[in-house]
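Student: The chain contents come next:
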Amino acid sequence: MWWIRLKALIIKELLAILRDPKSRLILIGPPIIQLVVFSYAATLEVKNVDIMVLNRDAGSWGQELTEQIAGAPTFRSITHTEDPATAREAIDRQRVIAAVQIGPSFSRDVEAGRPAEIQIILDGRRSNASQIVAGYLNQIVASVAADTSAGKQASPAEISVVARNWFNPNLIFQWFMVPNLIASIALLIGLIVTALSIARERELGTFDQLMVSPLRTHEILIGKLTPPMMIGMFHMTIYILAAVFLFGVPLRGSLLLLYGSAIVYLAAVVGLGLFISALSMTQQQAILGAFLFMVPAMLLSGFATPIENMPGWLQPVTLVNPLRYFLVIVKGVFLRDIPASEVLANTIPLALIAIVTLTAASWLFRRRLE
Amino acid sequence: MSARAAKAEHAAADFVRLTDVIKRFGSAPPALDGIEGRIRGGEITGLVGPDGAGKTTLIRLMTGLMLPDSGTIEVLGFDTRQNPTAIQAAIGYMPQRFGLYEDLSVQENLDLYADLRGLPKAERPAVYDELLTFTDLKRFTGRLAGKLSGGMKQKLGLACALLKKPRLLLLDEPGVGVDPISRRDLWKMVEDLTREGIGVVWSTAYLDEAEMCDNVFLLNQGKLLFTGPPAGLTSRVDDRVFKLTGLTGRRRPILAKTLELSGVIDGVIQGEAIRLVLAPGAKSPVETEIGSKLRLVPATPRFEDAFVDMLGGGPGGWSKLADATTKLPSDGGRPVIVAHGLTKRFGDFTAADDITFEIPRGEIFGLLGPNGAGKSTTFKMLCGLLKPTEGEGRVAGFDLRRDTAEARNRLGYMAQKFSLYGDLSIAQNLAFFAGVYGLNGRRKRERIALMTEIFEFAPHADMSAKDLPLGLKQRLALACAVMHEPEALFLDEPTSGVDPIMRREFWTHINGLVEKGVTVLVTTHFMEEAEYCDRISLIYRGRSIALGSPDELKARVASKDNPDPTMEDAFITLVQESEAEAVTA
Amino acid sequence: MSDSRRLDRVRRLAALVRKETYQVIRDPSSILIAFVLPLILLFLFGYGVSLDATRTRIGLVVEDPTPVTRDLAASFQASRYFEVVNGNDRREFEEDLITSRVRGIVVIPATFAADYAAGTSPAIQVIVDGSDPNTASFVQNYARGVVANWAALRGADAAARPPAISVEQRFWFNPQLTSRFFLVPGSIAIVMTLVGTLLTSLVVAREWERGTMEAIMATPVTAAELLIGKILPYFILGLASMTLCMLLAIFLFGVPFRGSILALYALSASFLVPALGQGLLISAATKNQFLASQLALLSAFLPAFLLSGFLFEINSMPTVIQWITTVVPARYFISSLQTVFLAGDIWPLFLQAIAVMLLIGAVFFALAARSTRKRIG
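Protein chains in written order, with the UniProt record's numbering: chain A, 1 to 370; chain B, 1 to 585; chain C, 1 to 377.
Pulled out of the complex, with its shape left as it was, chain A reads as follows (with noise of 0.2 Å):
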């Protein structure tokens, strides 16, 4: 018997999502575009970065410096001054990002073997891009400094340093950036189309509807709960298709791992957004509820920066926040293979958000019928 009433009611959940064309629209479109847009446009590389050089030696060597800057791919202009004030200026109104400024006496001390010097000025306003502009051009006056006759000479105990990337052998951006993404938009798609389907019941007076239904109040939350989730595991796998076949990302461990966490995971965000909807009575306070989450939850979800980079006594914080789990899973089975204990030991405290928020929002619900 209860499994017609569950059937009908699953039914009518995905028709009342998805009939409606504006509604297919909000749901469908925007987390696509999110997924293209964001991943192409998060990204910490730093390309395209204008630089001002005031070169101020006659030699051989600022020339040499010069163009080895000019034919670096990450700077897009390289702009030329004379005067020190240009170059402030240039700074300080934002036009380039770094100056480079050769004394005139450099190409003479480099050929006397003399230690020569040069000066980089950067814009610590942008400290991130600054930071990373500061390591390419050091790394280019190095290798200018390496052909020099006191470089040839130097040290021989100079030392080199071979880096080898795991995983990601170029640090391509957008293979950090696209498995990050699936776990945030499942969140977010999760989360408001829950967070509205009780509030929304409500303000139509359907809610009252359900109530005197012979369907008993566990049987209207998996009701609830289970289109959401289908919905997010359609988004998923489209954004697991795109990011193999349009991105590029090796998907190297178990896609089975992947899909049994990401049901525990979206059980969890699900069972929040219920949470957020049994607590709140009109459309507005849930819409506004599941913001005030998903705000603070991007944010200590290890996404944009390492948890453990947070302070000590904000990383307990994270530990209710289902996306912080996941986007480990995500990220570990896309390009490190993590193995399945590992996967588990990520998946349990989902499904404990899960149980928890559920059976808080079972509670809150039939609380609300006194």
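Pairs of lysine-lysine, DSBU-like flavour, derived with a Cα cap of 35 Å:
1. B:Lys223 x B:Lys243
2. B:Lys164 x B:Lys121
3. B:Lys147 x C:Lys287
4. B:Lys444 x A:Lys7
5. B:Lys320 x B:Lys444
6. B:Lys516 x B:Lys257
7. C:Lys287 x B:Lys223
8. B:Lys516 x A:Lys7
9. B:Lys243 x B:Lys327
10. B:Lys164 x C:Lys287
11. C:Lys287 x B:Lys466
12. B:Lys327 x A:Lys7
13. B:Lys387 x B:Lys444
14. B:Lys165 x C:Lys287
15. B:Lys320 x B:Lys516
16. B:Lys387 x A:Lys7
17. B:Lys466 x B:Lys387
18. B:Lys223 x B:Lys257
19. B:Lys466 x A:Lys7
20. B:Lys327 x B:Lys444
21. A:Lys7 x B:Lys320
Computed footprint of chain B on chain C; a stretch qualifies when at least three of its residues, placed anywhere within it, have a C-beta under 8 Å from a C-beta of chain B:
22. 8-20
23. 203-216
If you're looking for bench data, these hints aren't it; they were derived computationally from the structure. By construction, the Cβ of each residue, glycine as well, lies at the ideal position given by its N, Cα and C atoms.
Start from chain A and add chains B and C according to the hints.
Tutor: Just chains B and C, lined up with the frame of chain A:
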């Protein structure tokens, strides 16, 4: 020519002139189609018609907030196209839901509209004093508008529209969601205004309100069916309206039978009697056909009688739905719905206080009362939506809060706003409700097919429920509520805003079901619906202040001045009596 | 226009503004968006989210402990950027690298000591977790730094010469490269987007939903008064919210404030023009709170976050997306905010930003005014 018409003759010049007004939305049939007419000062002009007739659109066109697709509208001498600003400066407008800011206090709402309408500071104390006295809101100036009752909100809305005495006052459904007492108060206030020469436009779906207007515009599906004094319409059924009295036993089968007779245009249950409208020239076949003990007494025609007559009569008395319903076995007179000492407290506020009644099988029981009196609370406790603080409610022997799906399978529920899933089609709604009530396989297909046939859903099966016309929505709501053949039906204001024809069709089905042994609990503050009940409990301030059949309640308030009180009179008098008792106690 | 009509006009406007103010004060959800959410955001950016690399955990493998390699290892252990776990074989750490228990492995090979002594280009190996390219680069760079320092110190011991070319680098405005210093001013723009666009679009949509818009429109109020009456309170609320953020930024988070208050307010006021215009436009177009919130999220909040240069470098984005960013007002506001806090008053930069923001705002307002004529339906 009637006295009223004579008065109109001397009234001020035309305030509104409508010339061949057409307004369309999208590709649907025009919302207003060729409306012509004049609205004069010093009168109440009723815009009358069911939901979706085009009343709101016509009012919005008069405010200049909307423009017609063709035709012209002249308000107070200004064309709405050319000079909306001048119009807006001279009218008062109260939209549906009154246009109040719920998070502002009464005084702040008044201040806001006084500033917006440019009421000089010096005049304010006097105007405020007058309006607050007039609306009896003086005690509540500091209260937030959202915390006022429906009737008080409506009065405040009116006060806001009257701040700078308008020449024309436009009121869009001021009577909706407001109990009869507040409606009557409001009517008196507006009548006073017309004496000062103000023109009033009052839109309503209640035909009894229409009857009191000086002039009416009767609209149906965008078409103007009638304009003129209501008596002009009522006169078409003069000498054709009767009351069938002396009924013994069950009235509903008699009504059903009567409606099937050839000379009968319309018939409704009115307490113990049946009200009939006969075809012109029809000899009253009633006595011979139905039973000789019955008497046919002439009755005063009402606007509604004429309206139904004009639309070609009611739907007949035979319910296919009831025919297809299996008769429930009688079980020795055990009551189906029982309320025993039902009490609900929210904090120190008692919303329902010791409510007790029993409804036997095959009876329609009404919960009647003003807004916020506790009838919804009682209703919700009985169908298991609220937990009583004390006492208990039982349906078919089950406590719906504790007992399982089985118990809830025995009741059907239909709420005020036809709470269907608007984004789902008719077929999908039917399938959903069938499934939720555990119908499966062949039985599910059969029941859905049956409902589709009875209510003629087939041509619209794929339309979204929210896009359906009101009448179809109501049919669908009923179909969903009875699909699983419940023993008890819970109806929450089932026909408010619906046109009289649709309402008759609905009650024909309900009457038929009741004859098959279905028990019905209905809440309403709509007097027409109250008349259909076998018994009524009048709820006021959380308590049941009167319980009895409609005629018993009416009899209780009959007096020398009013020997034949209406249901509304009964309601108002009983509530006032109770109020007076409370004051003395 | 006669004096009395002008007076009416002022009075109507004042009434609308007063009404809106009461509503803001009484509705907990506006307060939540205007003051509580900003606090949470600022707090998270001030304390929680930091792009500065702090101590990263790495595995350190010394394949052949000799005095030289132990000395190099000690440099790693002493580095403030690394939290070192010691091991003898890189395979010990491979599992840890897969499960992110370490972010990188530094291997000092068995041949290192010999090569170093012989002067035949000794090498060390750094294996990093490329699945997080950012951390990977940090680990690489800091490992290089440690090695270079160590070599320089050893070289100094051995009286070796200084490097052939030395680089003196200076980060202007934020010498310590504290990420909080640019994240906190940037998040002011996010907060103001919330107040200006999300909140405004919600409250206007709410008026449509509740039917009050219709009642107001049927009074002598003009469309312009209606718009201004709606905007002014949120303009002030936006500035109040900004003031709160500014005070927190300066006094709680210790962000330097090198510009002038005048410039900050001029910039904020100019930013509010497009933000409010966008809010009005969204609500006029949807008249529905749910759609309004979705559109505001999609067209204002997320772009302010991701397409504004706040977290991600605009120059590095694909060209098409760079075009999109040119119409994101937050882009101009954020760089100006960072400048006014960290660099000082650079008016040519500000004036250009103000001009662009006002231009975008003018377009939004023109569109909003078109759809908010005194008409319904």
